[in-house]
Amino acid sequence: MTEVFQQLINGLALGAIYGLIALGYTMVYGVLRFINFAHGDVFMLGAFAGYYFAPLVNRFLPAQSYFGGALVLVLAMVVCALIGMLIEFLAYRPLRNRPKLTVLITAIGVSLFIEYTCQHAAVFGAAPRKFPDLIPATTWHIGGLVIASSQVIVLVTTLILLIALRFIVQKTKVGTAMRAVSFNEQAAVLMGVNINRIISFTFGLGSALAAAGGILYAMNYSSIEPLMGVQTGLKAFVAAVVGGIGNLPGAALGGLILGIVETFAGGIPGLSNYRDGIAFAILILILLFRPSGLLGKPQVEKV
Amino acid sequence: MNASLLQLEKVTIRFGGLTAVCELDLQIGAHELVGLIGPNGAGKTTAFNLITGVYQPTGGTIFFQGQPTANLKPHQLTRRGIARTFQNIRLFASMSVFDNVRAAVQLHRPHGIRDALWRGRGFRDGEKAVETQVMELLEIFKLGRFRAANARSLPYGEQRRLEIVRALATQPKLLLLDEPAAGMNPTEKLELTRLIRFIKDKFQIAVLLVEHDMQVVMGICERVAVLDYGVKIAEGTPAELRANPKVIEAYLGAEAR
Amino acid sequence: MNSGAKRWLLVAVAAAMAVSYFSAQFNRYYLGIAIDIGINIILAVSLNLINGHTGQFSLGHAGFMAVGGYTAAKFTLELQTISPPWAQPLLFLVALLLGGLLAAVAGLAVGVPTLRLRGDYLAIVTLGFGEIIRVFFQTTEAFGAATGLTGIPHWTTFAWAWSFAALTVFVVGCLVSSTYGRGFIAVHDDEVAAGAMGINPVRYKVTAFVIGAFFAGIAGGLYAHHKQFLSPGGFDFMKSIDIVVMVILGGMGRTAGVIVAAVLLTLLPEVLRGFADSRMIIYSLLIIVLMIARPQGLFTFGRKAAGKA
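Residue numbers (this note's numbering), protein chains in the order written: chain C, 1 to 303; chain B, 1 to 257; chain S, 1 to 309.
Keep in mind the hints are simulated off the structure, nothing from the lab.
Note that the structure is predicted; figures quoted are calculated from it, not measured.
Treat the hints with caution; some may be incorrect.
Unchecked claim - Derived list of chain C stretches under chain S, where covered just means 3 residues or more per stretch with a C-beta under 8 Å from a C-beta of chain S:
hint : region
1    : 91 to 97
2    : 256 to 270
3    : 274 to 287
Cβ atoms here follow ideal geometry from the backbone N, Cα and C, with glycine treated the same way.
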């Protein structure tokens, strides 16, 4: 029984990270209707930003402090928000209103560009690096359960970010505009919404969340490398689709489901080798039986 | 069974709480020109989609040539002899005028993958026959000179005509036209009515015309059914309907009485 | 082209064999690249049937290639010791066809359940299928698991690769240009209208997947017997994307353009070999720039010529 709870905690921590990244996919899909393949790489850049910011922050704040860790997180989020907006401005904006597949391929191109540039010896290099400990590393033993401080941090941070995101999307003017654009772009434009600003903001917001996901991931798995965003990004995307793409609570839910299922499958001897395939198996099952995802609204084609 | 080509018996469809078509009865004879009219949102196009198998009715039965059509897919119904056009023209955008019609001719041809690859004599003769057949159709409707042009580059009226030709290429027994006069000026409309009558006589088929434009329908249809809010409120010859107060009310509102 | 197509195929195969006969004269490095090009033409033209002509955007072509490659390689590795040397070409042919057939079965398995999906969703699900196939080979001991298969005989010659390339072009070209094949393009243009014209969209979509997967499987077998070893990492979704980029740069649904793109994109990494570190950066930048500047493909000028495939 403790084994089950242990796996549940591990799964929740992983799922929260998937959920954070999935939110970015889903938000961008909401406003632009395309899969931002480069999103997984922004997640990776977030982790690397944390890697480089940590020693800087440590100059004036004690190493491994919660406050220092939070500062690193915020800095990485800001940097990645800017990177996300830059990517949108340079690569996707010229392609607005072009066929979806063109944009999809461009996104794949951007993703490859980031990955290969970061693998270059002059940038990060291909070798994995050890991520510094941002916060005091403690583990608590409760009953038979082992809970790492980093896992608690993941859950707490995710919760805070989700509440903040909900506030931005539901209560602020820019969030209302975002929802308007994803509901009906043309009507939003007619209502005076500055569409470029909203799309840019959406990319920034999603990228910031991905950066947070990157740092939380790095804190839990302690090793980072330029290709870490490929599989994680794909799975987070799967989480977004499972939850119903374009649907924010759906993305968080999909992330949690995926994280938990994957963690449990990893604990079952026969299945553990297939861990990487499981996400896609879930995806296929969901799409076959509920093509619009768990929380998405079904779309009917008009004839 | 009776001799009617198409028969709808108490056909109903609900989308969620909305009953788009309610207990619709309709009959079309083998060589009849029937109109289906009604104000916007009356359920005309829905009725169309029910007949062509795009939607399955939630109640009632549709018979085509005496056979129930339940659970048949659109392409299967086309094979049995129901062809249609679309309200918002849906030509094959990347194909030429010729190929648009050619794609529709293929369903009655025996040649499949194997023949297309082996390219024997039978296949080549078949392809020649297709070409003749397509060109004949195009010539009848004065579209021959456009054969190589991209379908979407044609003027609007010609696109509408091409869509009708494409539907005829499937050799239907019943042709359904979904608002063919939409977006046409009076001269074009007049030409269209001539065309529809010509098609009916030349190909000896039945036509069901869904139309918003009263003039077109009243001008050519032998019998007209009127839908309002999914319910058939009247049916009869154009002359009968003109005098029917229910029809006038549906179109002009209660005050007009 | 109708009556001449079969003759054209025979000429192409004969030419491939003739070139192959003299291949001992050529530089081995260039010969290897020529074979790569042949294999990539098969992959790109077969994917073009699915993605370009039929409009089913698939990102899982590497998965079909893996099925064919592993099947063919396993078959050869098991049987090469007990078969007489004279039977080697026959054995190879059977291995390739078997690989193609199993890949076609995989194509059926992917094509049928994904029928309802479109656009992005279809892309991501086919990507998922491809990844599942890769994970399967990566975890199955009989296929060497993570290490892969080694010691596959070097049987893929110029003649084999280019004959199958010619066959692929022939099959896809003939299918699409026939009256029957208009159905693929009709489904691509407008599925609802195609259905109303008596075209069964389901059948055409599945057919495209099965035929496309078959040739991807053949290409996989040729690849296995060319590189002489297989590792699951070689069939990840990057490989699928490479093939998709060939199709897009060539212009979706334009066989000739896709062939040229396959040739150019095979040569590009070789040309950039001098910039070992940055060549993939250049490659990815090229994709972005081309998508922004020429999204309709490199070799398309104006609209697609009417009546041609």
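Hints and how they fare:
1. 91 to 97: holds (count 3)
2. 256 to 270: Coverage by chain S is violated for the region 256 to 270 of chain C (0 residues, Cβ < 8 Å).
3. 274 to 287: holds (count 9)
Consistency note: the structure conflicts with earlier hint 2 alone.
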